[in-house]
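Using the sequences and the hints, build the whole thing.
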Amino acid sequence: MVDNIHTTDVWAALADNPLAALVDVRTDAEWAYVGLADVSAAGKQPALIPWQIFPTMAVNTAFVDQLRAAGLTAEHHIYFICRSGVRSLAAAAAAIAAGFPHCYNVADGFEGPPDAAGHRGQIAGWKAEGLPWRQR
0 MVDNIHTTDV WAALADNPLA ALVDVRTDAE WAYVGLADVS AAGKQPALIP WQIFPTMAVN
60 TAFVDQLRAA GLTAEHHIYF ICRSGVRSLA AAAAAIAAGF PHCYNVADGF EGPPDAAGHR
120 GQIAGWKAEG LPWRQR
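Under numbering that gives the first Met the number 0, the first residue of the sequence shown is numbered 0, with each subsequent residue one higher.
Honestly, I wouldn't trust all of these hints.
What follows is a set of in silico ranges between Cβ atoms, one per label pair, in the way DEER data are often shown [what the hints assert, rightly or not]: (1) Ala-73 with Gln-121: 30 to 40 Å; (2) Ala-96 with Gly-117: 14 to 24 Å; (3) Glu-128 with Glu-74: 21 to 31 Å; (4) Met-0 with Glu-128: 16 to 26 Å.
No lab work stands behind these hints, which were simulated from the structure alone.
By construction, the Cβ of each residue, glycine as well, lies at the ideal position given by its N, Cα and C atoms.
This is the structure:
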């Protein structure tokens, strides 16, 4: 079972816990065109490890190896983020199954669900909460 954590609680955990890490599981295209969480104020950078590979969207078979290569261990508290919280939930579950016991899903992700006009980033998620982010 993966806990869903509200974005503002994730921000606080990243700032307060030296073993907290943010893993962005979106694609290269999303990082480049939509933006990234800026956690530099917490003295950190997000680990950019795609759960699915663009453009086929096949699951990244090297995902767990890439978590380890990023320096993440079973001691880390890892917060997984994607666009809306769906891919990151799957990624967190896979990480738990691979021996990372402290994995969490960032509820509503980076952009959250679409609003009535079909636009993301307006009603929920990292951007809508006003948390720091930047273009790549």
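Hint-by-hint comparison with the structure:
The hinted window of 30 to 40 Å between Ala-73 and Gln-121 holds, with their beta carbons roughly 37 Å apart. A hinted range of 14 to 24 Å for the beta carbons of Ala-96 and Gly-117 is inconsistent with their spacing of about 35 Å. Separation of Glu-128 from Glu-74 is about 28 Å and conforms to the stated range, judged on CB atoms against 21 to 31 Å. For the hinted restraint 16 to 26 Å between Met-0 and Glu-128, the CB-CB distance of approximately 24 Å keeps it satisfied.
Hint 2 from the earlier list is the only one contradicted by this structure; the remaining hints agree with it.
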